[in-house]
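Take each chain as given, in its own frame, and dock them per the hints.
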Amino acid sequence: MKYSPDPFFNPDLQDHILPRTKLAPGITISKFLGGYGDQTTLKFIKTDEEKRRIARQLLLQADAMHAVSRKNEQFVKHRLTVAEGLYRAEPGETLDVDGINYRMQNGEAIVYELLDRKGNIAFEKTFDLAVYWKDNVNFEKLILDYDTYNPNGSLNLQIILIMPKIVSPWTVTYKNQVETRFNNYVASTGELVECKLQSEADMDVYSS
Amino acid sequence: MASELDERDGFKDPSKIYPKREYVNVASTNQAARGIVRNELAMGGGDQNVSLDLKPMVASQYPFNAVKETVSGHITEIDDTPGAERMLFRHRTGAGVEIRADGTVIVASVHNTIRISGGDEKVIIEGDGEISYNGNLTLNVSGDYDLRVGGNYNVQVSGDVDHDIRGSYKELVHRNYQSTLKKNKTDYILGTHTETTLGSHNQFVKGSVKHYIEGSEDHFIGGTLKMTAEDEVFMTAPNTNIAAQSLTVIGDSGTIGGENIIGYDYNHYTGHSLTATDTISTNTAFITEQTTCKEFIGSLTGNADNATEAGRAGSAPLGPGGSAGTKVTGNGVSVDTTATELPTTTIMTDYITKSDRGVRLISLDNGDVLKNQIDKSVDYGGVSSRRLTTPEIRSKLRDPNTLSNMKFVGAQIAEGKLSPTYINATPPAIGRVVKNVPGAKRGITAIGRQSKGKTKRTQA
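Chains A and B, in that order, give the protein sequences. Start counting the first sequence at 1; every next residue gets the next number (this note's numbering). Start counting the second sequence at 1001; every next residue gets the next number (this note's numbering).
For the record, the hints were derived by calculation from the structure and aren't laboratory data. Incorrect hints may appear among the rest.
[Said to hold, decoys possible] Not the full set, but computed from the structure, chain A residues with beta-carbon under 10 angstroms of chain B:
1. Ala83
2. Asn184
3. Lys196
The structure displayed is predicted, hence computed values, not measured ones. No residue lacks a Cβ here, since even glycine has one placed at the ideal position from N, Cα and C.
Excised from the complex, chain B in its bound form (with noise of 0.2 angstroms):
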């Protein structure tokens, strides 16, 4: 009866509830009116490289911070303060809105957070804006998605980017246009692929380039066409046509013609014999040495030694006495000797080798310093093939293999994204040591009613 009575004289709560832990003994004033304690919502920290930019309040002061608490732990205040001044809407999780004393609003979740707007959203900021989504992030757009970048536009992405543009594609770049391929790149063209170049197009290749055409290939070229190879050139083909108003083809060896080939040319110079199978038709022909022949249709010029014994050949008896003729030299005609240089294998040898129409020595990124500029991997001594940050290098040396790879070591503090002191084993001093004492864990899941975690808590 007495306890019944207790519980009625408006000195205890009928309910349990109250006081609270942390009210027991001492005013009941709420302790955050008294500047005791300060409730904040449930944002958790920043991000990396994301400062929230909180500045320090003052702590509030009695009587000026109207605080409402209910029983679950729901809060509202009303921080009259000066230089604290602030409002607190914040649900018994964490959740909710602050206004602080400088003007920032931060709205909190600690579970989803969903934002319905039935007609149009206008949003804008003056200052910079930093968005961090340490899961995923879809954006639907059912329209026009237009994005203007008055600066500079980085995207870096890690994993693949994939465009599946079901219309057409057009850039236009106003400047230089750069881009570095690691890799293979394959176009497949389902159409006709035009380029064209108002300015030289300049192609270096280190490997191999085929071309497989299976219809035809026209060059036109309104200058000069060089082609030169340091090993050999081939062009075969059923029918090749090479014409020119000035025509030259010359080696120092090889063959020029064929069965059926017909030459014509102005003078023919020839080192050691020109054999013709048939017929040799000519107006004149001058010899300076000798000429045999089976059968000589005609007449000559002068009288030969072996013509005088041949008026007396054979059985038929003496004719009259002849004088025998006087061996003469023919020089009836005179030879038309324009010609240009012999090629000879000296000749040929410094025109493939020393002239400006010879053939050009390749040698593309000589070292392969070019390439080992783009793809570290040398440089790096296998690890990576690109440049790193200093937390992917911290990345890559908890690997004993790459710690010990003073290759990729020495580039790294060579670059300056290592600092040298990365070989100290020892902390220069140390605070807090806590020891591993084997036992049950605690638990993270808290049972039964809680009061900002102050209140005792049992946990499974």
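Okay, chain A solo, but in the shape it has when bound (with noise of 0.2 angstroms):
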């Protein structure tokens, strides 16, 4: 499938790949850069061909960012975040090259969450989020990854929207797989499951 970026957004028609740099409408390169949960730079980047392949793969992933943008009535009330954008290995830090991180290292993988009005996860919403993706958006893969890393081990959810990687000059394969992980063991292909950590029934008798 061809890929017909926006020419106002096209990297390739851009005299330099910044952090500035415009992807889609309100959203730059930066908000791919400061994901609290691996925050990086450009700087590490070497060469301008190397930021300007990234930057045609974050195209994928703004398009899909823009597609919940404030102006989608269903997620009017929730913020898309970006939690884990552009990966950046430490020294010593070996990727396995079919992992998650080795294709964030890319921009082709990038992780998201979904906020409410208080800042927290809105869970339900998120699993809402996927559906409308897997739904509307053509992707490689959507993985709805719940885990309970957190020290009280409470829940989180994530979503993480894995784009083809684009050939030259802009051929993409979609697969649409979708994915459910909890504590990142695969929990189920083909669908998303909601996952929680206690079954209404036992939340009705907690609370009573």
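This is the structure in structure tokens:
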């Protein structure tokens, strides 16, 4: 499939690729650099060509993000944030070439969180977002990623959106796979499963 | 003809815009006025650790809410509902201003926000402030920029910090100053570097120190200068001067002196031979055992065995008989025996290894305890050199290599940053399940006129 970038945001038409380079209305490259899970800069990318290649990949992510802008009635009370953007491995850290972090190095994968008005993760809406993206956006793989890594064992939910590698000039192959993970273990493939720490029945008993 | 009359009879909208879909066959009083729907600004959610802190409000009650909604969707509301008094000025895009019941004022924009003041601007916030720029921020200040912080000033930068200061830089720290550097530090000073320490100055270096000084170096010390080395000390210069009122240069082996060295001393104790190529000039020589020389000029005290025989030597006729002298031991003068202790191997070993003037054995950060506290690479199995937050750990654990790095995982659990439940592979409970049915995507760009997203939408 051929991807048609908006000329206004096409990195190929930009003189330089900077954190300020726009990828979509209101979305610059810096949005993918400041994720609180893996903050980094563009400085470690040495060549302009590599920066441009990453910007092209991030363009696909920006489109998906833009689909959940505040104009989208479904998510008007929530904010989509980049939890983990461009990844930079530390010296001595060896990444698995099939791993997500390896693809995050190239701007192909981004980790998102959907926050409510209190700044907390909106669990149900995040599930809705995963369904929305599944139905409306093309991608290589969408992972609904639950974990209990928080020190208090509470539930955390993120969406990992992996976009296909763009083959020059703009050819992409979307597989549109979905997966649910719990604590980094694959809980389900081909379907989105809402994970909870307690069943509804348990919660009723607990609350009563 | 009949249909034209219908359009003009006041019961139908000639423009065919009204009634909107949600008002077909129901009362045309605006739903917001009746509390059925609540019009809100498009402000989105909060941000990471930033809560909008909005209090829930009760629904509007008829007839307290005066609502005006235009064709395209612009809305104004002035609501007098008890407990929900508010004012809303909303653009069809969701941008606008809202004043809520508790007096909270919300200004929301779905695109750019531009604020221009022709004069001064004063901002007074009685409470706290939280600002998140999810993009870039540039602050241009034409004049001075003064920042006064009553409490702590914390800055966390994930990238680099570049300061280009075209004037001078001055820092005044009233208490302690601590900096930790994990890599290298380079200072370039084109002028003079002056450092004044009125207290003590301690420097601990685990590696080597090299001073390359093209000019001169002066060390002026008011007290004692101690220099010890576990291996060797080299001091080399074409002209080396060591001067002292009391000088001690000792060693149990080695060489002192040179071809053109002139020596001065008080008493000289030589363990074996004392050799002078030319001359030994002395008032008295006290020899306890034996002396040998080719020619002796002068008088001897006593009569030696050889001197007696010498009187009979050669082919000369015997002279008048004489009596042989008696061998006597010379004991003409007393010897000055002022001495210090002979620096033997044993003494020198003790001096070097046991005395307070001996060599200091240096061992800094034995076992790299301090280093590993600063650089966490070893403790974290090479995954990271610094302490991580839980979100950062979550990011690292996405990689299978890191997830199986038990040293890293164990350290994070021990530090309380990672729940031990990380190992659970199965969720305790599940809710909704949505299958991925292959097919065409609906797309995200709406085509056609919409009414708050509730009319039928065709998307591309």
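We went through each hint and held it up to the structure:
| no. | hint | in the structure |
| --- | --- | --- |
| 1 | Ala83 | 7 angstroms, holds |
| 2 | Asn184 | 6 angstroms, holds |
| 3 | Lys196 | 4 angstroms, holds |
In terms of the numbered hints stated before, the structure departs from none.
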